[in-house]
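Undergrad: Same order as they appear, the protein sequences are chains A and B.
The opening position of the first sequence corresponds to residue 4 in this note's numbering, with each subsequent residue numbered one higher.
The opening position of the second sequence corresponds to residue 48 in this note's numbering, with each subsequent residue numbered one higher.
Calculated directly from the structure, the hints in this document are not laboratory data.
Source: prediction; values computed, not measured.
All C-beta atoms in this analysis are idealised placements derived from N, C-alpha and C, irrespective of residue type, glycine included.
Wrong hints could be hidden among the right ones.
Derived lysine to aspartate or glutamate pairs resembling EDC-like cross-links, with alpha carbons at most 20 angstroms apart [said to hold, decoys possible]:
(1) B/Lys104 with B/Asp258
(2) A/Lys98 with B/Asp224
(3) A/Lys33 with A/Asp72
(4) A/Lys98 with B/Asp258
(5) A/Lys188 with B/Asp215
(6) B/Lys203 with A/Glu84
(7) A/Lys98 with B/Asp195
(8) A/Lys98 with B/Asp215
Have a look at the derived ranges for each label pair, beta carbon to beta carbon [to be verified]:
(9) B/Gln284 with A/Pro73: 32 to 40 angstroms
(10) B/Gly206 with A/His230: 34 to 42 angstroms
(11) A/Gly140 with B/Leu298: 14 to 22 angstroms
(12) B/Ile295 with A/Ser57: 33 to 41 angstroms
(13) A/Ala167 with B/Leu298: 21 to 29 angstroms
On the chain B side, residues computed to face chain A include the following (Cβ under 8 angstroms) [as the list claims (entries may be wrong)]:
(14) Arg197
(15) Lys203
(16) Leu207
(17) Arg211
(18) Asp261
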Amino acid sequence: MNVMAPAQAFSTKKSAPVVQVCGLSRRYGKGPVILDHLDLEIGAGEFIALLGRSGSGKSTLLRTLAGLDPVTEGTVTRPKEVAVVFQESRLLPWKRVWQNVLLGMGPDAVCEVDAHKVLQEVGLSHRVAAWPLTLSGGEAQRAALARALVRNPSFLMLDEPFAALDALTRIRMQQLVARLWEKHKSAVLLVTHDVDEALMLADRVVVLEAGRIHTDISVPLERPRRHANPVFEDLRRILLSALGVTPE
Amino acid sequence: MIRKIMEYSSRYFSLILLVVIWQGVCSAGLISPHVLASPFAVVHTAETLVRDGTLPKNLLVSLVRAASGLSLAVIIGVVLALISGLSRMGEEVVDGPMQIFRTLPALALVPLFILWFGIGETPKILLVAFGSAFPIYLNLHKGIRGVDVRLLEMGKTLGLSHSRLVRDIILPSALPDFIVGLRFAVGISWLMLVVAEQVNAESGIGHMMMDAEDFLRTDVILVGLAVYGFLGLMSDQIVRYVERFFLIWSLDRNREIS
Ligand SMILES: Nc1ncnc2c1ncn2[C@@H]1O[C@H](COP(=O)(O)OP(=O)(O)O)[C@@H](O)[C@H]1O
Ligand SMILES: [Mg+2]
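Next comes chain A alone, as it looks inside the complex (with noise of 0.2 angstroms):
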């Protein structure tokens, strides 16, 4: 069972992109091939999420946007000021929370003012001055969001950024990412397997696939979205035969 997606691959605004993904293909050493001449574009603005099975080459791929792993075949063009965000926080330990924010920034006392606002942004106002190792996981992702808001990326990548926190605070930070979105307008990759995830957040959603975009369909519901909508429902079941899962 796998049907393509009906609203499948047109992009609802023809903006110039920010990133564009040519034939990009992948492996580790002599390994098999990860990523397999994969084309991708992602729009000035745009919230994409990336969803895949584990070991599919999601990763593998926000990592070469990232510039951390080198582009051996195929094209990858990417705006100077991108920002990335793990499922682990990543923040400098022996550095304050406002530092770690700031961390690769001019020089301090012109920035510091915007650490506090961008810290407030993100809920974490309090917080402010304290080591990463006191935080709380949903702390120190929020730190992180800050880290890479602060610079005003014009695209952000996300892996799988809320995988480590309980249901709750998942929630809680899905919403703070829509809210800086709706804000920010930066373009955004979302790396996750939850297709609730994706489909409350991107307005596309992409499936990676034996090192290609299998799946790409466009989400066509207002914000904030519920999970009652039947459109919701309808992509939710697309999304899950797409990922190889088959209702009951």
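Use these hints to put chain B with the ligands onto chain A, whose structure you have.
TA: For chain B with the ligands alone, coordinates are given in the frame of chain A:
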């Protein structure tokens, strides 16, 4: 309060009992003072040695030796660890010889060092430096190599330059290992100093003890032992403070820290 006192006294009870027995045995004349001086005699001798300036003078000499040797060890250990930790080529050049040298028992070098550097301060300081440079080097090297690559990746996505990666990520992450190394180095430095001063010296706590041996002055020897023990304890405390100051971020996360 009462319970606290009880706790303390029970912890030290055996020790106190031991001292009491020791004093009793000595007072009863069962042990000659040439074999073991009594606690009272030791305390009395310590007082005399402090009064006539013998102890402070020798203590200062020993302290200066230990401090110079240790400082040298820190400089050498850190420089070598940075070279071999931060560059592949540096590792090939530095790490091999260090791994070989560290298997040498440092104390066996005493005769060679005396031959090379005579009997002044140089061989003693160098011996201390030689022995304690290894734990600094080994631990710092391990710390630098063991940096969390995920943090480095993060730094790269934030656009940090190579020198910023070293300064903001690699070195701070190696700091806990460096302090472990420092603690070992401090312990070793006293050990090396004891030997160096007993083999040949005109001053220092070790020399004071060796001198006392010639006159069967077990009381002076015991004072020297106590001083060494005290010095060891104090230096360990200092390292603890250093640790608490620099590693405040890694302290027990359940404790409120500001
Ligand atoms: N550094 C690596 N060396 C070798 N194989 C790797 C490496 N990183 C990932 N892989 C392999 O590449 C495949 C895709 O991994 P990844 O992109 O992390 O998948 P996902 O994020 O979708 O779960 C997996 O089969 C994984 O085993
Ligand atoms: Mg992954």
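Undergrad: For each hint given before, does the structure comply? Return the numbers of the non-compliant ones in rising order.
TA: 4, 5, 9 and 18
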